[in-house]
Amino acid sequence: MLMAMPALANPNGPPWENGGGLTVESGCTCHGDGVPSTAVVVSISGVPRSYDVGAEYSFTISLGHAEYGEGGYMLWDYGAGTLTAGEGSIQVAEEPGAVSQGSVGNDWTITWTAPTEDIGPVRFQLVGNAVDGNGAPNANDAWNVLSFMISEPGSTVDDDVNDRDLRTISVGDYESLFVAEEDPEAIEAAEQAKLAESFFQNGNVYYWATLSIFIVGAVVQGEFYERRFGGGPPHLDRRLAIPQGIRRGLLTAGLGLGFAWAVDAEQPWGYTLLLGMLTLWAGYGVYRTIVQARADPVTKDLV
654 MLMAMPALAN
664 PNGPPWENGG
674 GLTVESGCTC
684 HGDGVPSTAV
694 VVSISGVPRS
704 YDVGAEYSFT
714 ISLGHAEYGE
724 GGYMLWDYGA
734 GTLTAGEGSI
744 QVAEEPGAVS
754 QGSVGNDWTI
764 TWTAPTEDIG
774 PVRFQLVGNA
784 VDGNGAPNAN
794 DAWNVLSFMI
804 SEPGSTVDDD
814 VNDRDLRTIS
824 VGDYESLFVA
834 EEDPEAIEAA
844 EQAKLAESFF
854 QNGNVYYWAT
864 LSIFIVGAVV
874 QGEFYERRFG
884 GGPPHLDRRL
894 AIPQGIRRGL
904 LTAGLGLGFA
914 WAVDAEQPWG
924 YTLLLGMLTL
934 WAGYGVYRTI
944 VQARADPVTK
954 DLV
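Residues 654 to 956 (this note's numbering) are what the sequence shown spells out, left to right.
Hints listed in this document are in silico derivations from the structure and should not be mistaken for laboratory results. There could be a bad hint or two in this list.
Taking lysine to any residue and the SDA-like style, the derived pairs with C-alpha atoms no more than 25 angstroms apart in a straight line are [as the list claims (entries may be wrong)]:
no.	residue 1	residue 2
1	Lys847	Asn857
2	Lys953	Ile943
3	Lys953	Asp890
4	Lys953	Tyr940
5	Lys847	Tyr859
Just need the whole structure built from these sequences, with the hints factored in.
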């Protein structure tokens, strides 16, 4: 990774130099539009705050990216100590003091042996590159550079000398690991699925509400046609209308109380709609009794 050729095409690691500079310092202009990206988190763990002369330390180098699971790296200590490649890593041919990936991955363990004498702080350069795996360097790849130092012996104080304080040092935006850019088609598919689920769950609401509207509309239309073309409602004798009106009125009152209770108690919409429609139907019955009792009798009503 971090090289002039794509990582997948360079199983022997990135080139030592790139565009006249050192890859480990300047990264690779062939990847990610030639600029570092916080979308990839480059980290190294097991780093002491200060080194002990001649001591060995095990470093683990990791790459993190929201979409890409493989990449490569290069690490150099400017020849201060000795870097030894572990599994999946190799010594850089042009600079044996540096190590890089020997095979693509996202996790490598290497060994660093501190200088045999106190030479002051030791500077490190680490570069990591996460690739999209298409076999060619492009703008989708993401790389970043991490610079850090290990202080000279005795410059830091440890609470437990037998367990020297080791650090994990990183560069990049951790939040970006969990915010991958979504495919527009996937977003649209999710919206359609959500809409379908809504219709499935609320289908009964839409069906019964629409049916209720049709019933009310049919009754209103029937009244209109009866008055306009049918001569009005038929006559009902008062001796029949009064008891009928009382019965229908009591039924309407009872259903109305039930409907009011359902609304106040926040009952399921199905019960509330049913009681509301029954109340309207009973009230319509009272209305029909009244208009029929007021209608003028015709010849057949007098026979």
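Comparing the hints with the structure gives:
1. Simply put, Lys847 and Asn857 have alpha-carbon atoms about 17 angstroms apart, close enough for the 25 angstroms limit, and the pair holds.
2. Straight-line distance between C-alpha atoms of Lys953 and Ile943 comes to about 20 angstroms, which keeps the hinted pair within the 25 angstroms bound.
3. Taking the CA atoms of Lys953 and Asp890, the gap is near 12 angstroms; set against the 25 angstroms cutoff, the hint holds.
4. For the suggested pair Lys953 and Tyr940, the alpha carbons sit about 23 angstroms apart, so the restraint of at most 25 angstroms is met.
5. A distance of roughly 17 angstroms separates the Cα atoms of Lys847 and Tyr859; the hinted pair therefore holds under the 25 angstroms criterion.
The structure shown violates none of the earlier numbered hints.
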